[in-house]
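Q: For reference, the chains in residue letters:
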Amino acid sequence: MSGALAGCTRGRERRLNVYNWENYVAASTVPDFEREFQCTVRYATYGSAEELLAKVFSGNSGWDVVFPSNSFIEPMRQLDLLLALDHGRLPNLKNLDTRFQRPQWDPGLAFCVPYMHSVTGILYAKSVTRTPLAWADLWTDSYSRRVTMLDDPAEVLGACLKRLGHSVNSGNDGELKAARDLAVQQKPLLRAYLNEEVRDQVVAGDVLVAQMWGQVAQVAIDNAPNLAFSFPAEGFALYADNSVILRESKHQDLAYSFLDYLLRPEVAAKIAMEMRTATANSAARAILPAAQRDNTVLYPTAEVLARGEWFKALPGPVQRLRDRYWTEIKSS
Amino acid sequence: MKRFLPVYACAAYLFLYLPLLALGAFSFNDSKIAVWHGFTFDWYGNVFRNSALVEGMLNSLLIAVVATLFATLIGTLAAYALWQKRLPWLTGSLYLSLLSPEIVTGVSLLVFFQWMFRFLKLQLGMHTVILAHISFSLAYVVIVILARLRTFDRSLEEAANDLGATDWQAFRYVTAPLLLPGIVAAALLCFTVSFDDYVITSLVAGVNSETLPMIIYAMARKGVSPEVNALSVMITVGLGVLVLVSGRLESKR
Numbered sequence: 076m077s078g079a080l081a082g083c084t085r086g087r088e089r090r091l092n093v094y095n096w097e098n099y100v101a102a103s104t105v106p107d108f109e110r111e112f113q114c115t116v117r118y119a120t121y122g123s124a125e126e127l128l129a130k131v132f133s134g135n136s137g138w139d140v141v142f143p144s145n146s147f148i149e150p151m152r153q154l155d156l157l158l159a160l161d162h163g164r165l166p167n168l169k170n171l172d173t174r175f176q177r178p179q180w181d182p183g184l185a186f187c188v189p190y191m192h193s194v195t196g197i198l199y200a201k202s203v204t205r206t207p208l209a210w211a212d213l214w215t216d217s218y219s220r221r222v223t224m225l226d227d228p229a230e231v232l233g234a235c236l237k238r239l240g241h242s243v244n245s246g247n248d249g250e251l252k253a254a255r256d257l258a259v260q261q262k263p264l265l266r267a268y269l270n271e272e273v274r275d276q277v278v279a280g281d282v283l284v285a286q287m288w289g290q291v292a293q294v295a296i297d298n299a300p301n302l303a304f305s306f307p308a309e310g311f312a313l314y315a316d317n318s319v320i321l322r323e324s325k326h327q328d329l330a331y332s333f334l335d336y337l338l339r340p341e342v343a344a345k346i347a348m349e350m351r352t353a354t355a356n357s358a359a360r361a362i363l364p365a366a367q368r369d370n371t372v373l374y375p376t377a378e379v380l381a382r383g384e385w386f387k388a389l390p391g392p393v394q395r396l397r398d399r400y401w402t403e404i405k406s407s
Numbered sequence: 009m010k011r012f013l014p015v016y017a018c019a020a021y022l023f024l025y026l027p028l029l030a031l032g033a034f035s036f037n038d039s040k041i042a043v044w045h046g047f048t049f050d051w052y053g054n055v056f057r058n059s060a061l062v063e064g065m066l067n068s069l070l071i072a073v074v075a076t077l078f079a080t081l082i083g084t085l086a087a088y089a090l091w092q093k094r095l096p097w098l099t100g101s102l103y104l105s106l107l108s109p110e111i112v113t114g115v116s117l118l119v120f121f122q123w124m125f126r127f128l129k130l131q132l133g134m135h136t137v138i139l140a141h142i143s144f145s146l147a148y149v150v151i152v153i154l155a156r157l158r159t160f161d162r163s164l165e166e167a168a169n170d171l172g173a174t175d176w177q178a179f180r181y182v183t184a185p186l187l188l189p190g191i192v193a194a195a196l197l198c199f200t201v202s203f204d205d206y207v208i209t210s211l212v213a214g215v216n217s218e219t220l221p222m223i224i225y226a227m228a229r230k231g232v233s234p235e236v237n238a239l240s241v242m243i244t245v246g247l248g249v250l251v252l253v254s255g256r257l258e259s260k261r
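Sequence lines, in order, name chains A and B.
To convert, take the position in the first sequence, counting from 1, and add 75; that gives our numbering.
To convert, take the position in the second sequence, counting from 1, and add 8; that gives our numbering.
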């Protein structure tokens, strides 16, 4: 029946199905691609990496191009979900920043192409009495419960682990238990665990301090100049979202074209400018206006980055342990 | 006590409808934030110009109509059989479907479909969403119609049989017409439940079958725009009209 419906509404057009994070393309990116390559693109968005994985897990989801975070690349590769990339079909790969040409999670760029990157830090209103410059500040009672943390196990446990001086990727049971206890201690001081959706509340002044990704924080700061972003002193997590082609894809030609299209300097620059994201494309960054190119929230200096640590994919038993502790934190 | 009854009634209605009224009021607001700026119909126009929303609405309507048709048909016959044969265990098992959390139903359906698709070479799509909706709506339909059947006089059917009617004729000419208000009520409930559903639909939807709740959820994550208000007002008014019409039909009998 759906086949008949599809036949009625769409003809023999070329299709591409892209599933991406929200706010990661400019308004004209997809329509321009559709025009240039004579195809229709089904473009949908998701709000969390777990949501993406749930959809593509079965290997028969219908999506062609998706954008997992760096810590999901290795698990997805092990589940046989990713297509090995033929670099010959991606001539614009050379535009990537040197930092991302041989990344930790995929040294040969065999399966993914880094897209946008950022950090997890603290977004706060400058008017607060105690400027949150370290994770430890989020455990004090100075913000009258107008604090939120991200609804993400890796991020919350990561912040706790960093506060205790351990790695964000720790698999040590003792360290994780201590992190869990810290998080449970913090819970009464929090308003909620929220992801990007808390941005409007911070802009409106409802929430004073939020653990937030750098790119989202930049959009908030644009809308409310009384906000600022800090890179916690104890250390923080780095992440990068990468474009991949799923092995189940039936539209590999268009998928390669789309990946290559996103690597073009002018396309990547337009997205970075309109959506205020930090692109991994150095050729694109070079053509951005100076105010954007040197924005320290989006493109932190090398000395700040030295405090950052990339998320890593964790082995099964460690992941299960962390999930259990996250459930305990959430239900305490 | 009697004097306070109208007060309680008013309070109950206010509790239910005040949020909806606020939603409706701000759908006419000429500004994106919740501060009154001016009166405009722009957002209603924007809803129809937004092709994703229109497509979502059409998908939702199609799924709801088809699912309602099948669920009501199957559910009515199931309820009739359960009532005839007096099977309390089987009836009780249907409550399991109602009681289990939507996420459990959704994940189990997803696993089942993906397992089947290994042999059938299919993918998730409108067909899986419709099947999922039929399966969880069945319980609602059966329960509503069973409730109606419990007030039904068994001797009417026996009388029809005595007068020479076959079982099928007895059902068609005696039971079914008397059941019609119950069937209509069940169909309406089924339509609403199916149109509103988010959790199960988001798990079994395919690439091309985004329904309205899924699109509204994605829009709300980006920061709420009054288009969502306008859309919600239209849906509420539409469903309200349906309820009024069905109420009228029921009272006419």
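What the hints contain is simulated information worked out from the structure, not anything from laboratory work.
Wrong hints could be hidden among the right ones.
Beyond 10 Å from chain B on every Cβ pair, some chain A residues (computed) [stated by the list, open to error]: (1) Glu97; (2) Glu109; (3) Arg117; (4) Tyr374; (5) Leu380.
Far from chain B by the CB rule (all over 10 Å, computed), these chain A residues [what the hints assert, rightly or not]: (6) Asn92; (7) Ala119; (8) Gly122; (9) Trp138; (10) Ser146; (11) Glu149; (12) Leu154; (13) Arg205; (14) Gly246; (15) Gln260; (16) Ala308; (17) Tyr331; (18) Tyr336; (19) Asn370; (20) Arg399.
To give a feel for the contact side, a few chain B residues facing chain A, derived at Cβ under 10 Å [as the list claims (entries may be wrong)]: (21) Tyr21; (22) Leu22; (23) Phe23; (24) Gln92; (25) Leu118; (26) Val119; (27) Gly214; (28) Met222.
Glycine residues also receive a C-beta, built at the ideal position from the N, C-alpha and C atoms.
Q: Now tell me, hint by hint, if it's right for this structure.
A: We went through each hint and held it up to the structure:
Against chain B, the non-interface label of Glu97/A is violated: not every CB pair exceeds 10 Å, the least being about 6 Å. At roughly 13 Å from the closest C-beta of chain B, the C-beta of Glu109/A stays outside 10 Å, upholding its exclusion from the interface. Here Arg117/A does not stay apart from chain B, with its beta-carbon only about 6 Å from theirs, under the 10 Å limit. Remark: the non-interface label on Tyr374/A is consistent with the geometry, its nearest Cβ contact in chain B lying 24 Å away (cut-off 10 Å).
Against chain B, the non-interface label of Leu380/A holds: every CB pair exceeds 10 Å, the least being about 29 Å. Not every CB of chain B lies more than 10 Å from the CB of Asn92/A, the least distance being 5 Å, so the non-interface label is violated. The non-interface label for Ala119/A is inconsistent with chain B: the shortest C-beta to C-beta separation is roughly 7 Å, within 10 Å. The claim that Gly122/A is not at the interface with chain B is violated, since a C-beta of that chain comes within 10 Å of its own (minimum 5 Å).
Chain B draws Trp138/A into its interface by the beta-carbon criterion, the shortest separation being 6 Å against a cut-off of 10 Å. Interface exclusion of Ser146/A from chain B stands, the closest Cβ pair being 22 Å apart, more than 10 Å. For Glu149/A, the non-interface assignment is confirmed: its Cβ lies about 23 Å from the closest Cβ of chain B, beyond the 10 Å cut-off. Even its closest Cβ contact with chain B, about 14 Å, leaves Leu154/A beyond 10 Å, as expected for a residue assigned away from the interface.
No Cβ of chain B approaches the Cβ of Arg205/A within 10 Å, the least distance being about 28 Å, so the stated non-interface status holds. Distance check for Gly246/A against chain B: the nearest CB is about 27 Å away, which clears 10 Å, and the non-interface claim stands. At the 10 Å boundary, the C-beta of Gln260/A stays outside the reach of chain B, the nearest C-beta of that chain being 29 Å off. Against chain B, the non-interface label of Ala308/A holds: every CB pair exceeds 10 Å, the least being about 31 Å.
With a least CB separation of 19 Å from chain B, Tyr331/A remains clear of the 10 Å interface cut-off, as annotated. With a closest Cβ-Cβ approach of about 20 Å to chain B, Tyr336/A is found to remain outside the 10 Å limit, as its non-interface label requires. Residue placement check: Asn370/A keeps its beta carbon more than 10 Å from all beta carbons of chain B (closest about 21 Å). The beta carbon of Arg399/A sits about 18 Å from the closest Cβ of chain B, which is more than 10 Å, so the claim that it is off the interface holds.
Violation of the interface hint for Tyr21/B is found here, the shortest Cβ-Cβ separation to chain A being roughly 29 Å, above the 10 Å cut-off. Restraint check, Leu22/B versus chain A: the minimum CB separation of about 25 Å is more than 10 Å; hint violated. For Phe23/B, the shortest C-beta to C-beta distance to chain A is roughly 24 Å, which exceeds 10 Å, and the interface hint is violated. Here the hint on Gln92/B is broken, as its CB sits about 32 Å from the closest CB of chain A, past 10 Å.
The restraint placing Leu118/B at the interface with chain A holds, with a minimum CB-CB distance near 8 Å, inside the 10 Å limit. Taking 10 Å as the C-beta contact cut-off toward chain A, the hint placing Val119/B at the interface holds, the least distance being around 9 Å. Nearest Cβ of chain A to the Cβ of Gly214/B: about 5 Å, under the 10 Å cut. The hint holds. This hint holds: Met222/B has a C-beta 9 Å from the nearest C-beta of chain A, less than the 10 Å allowed.
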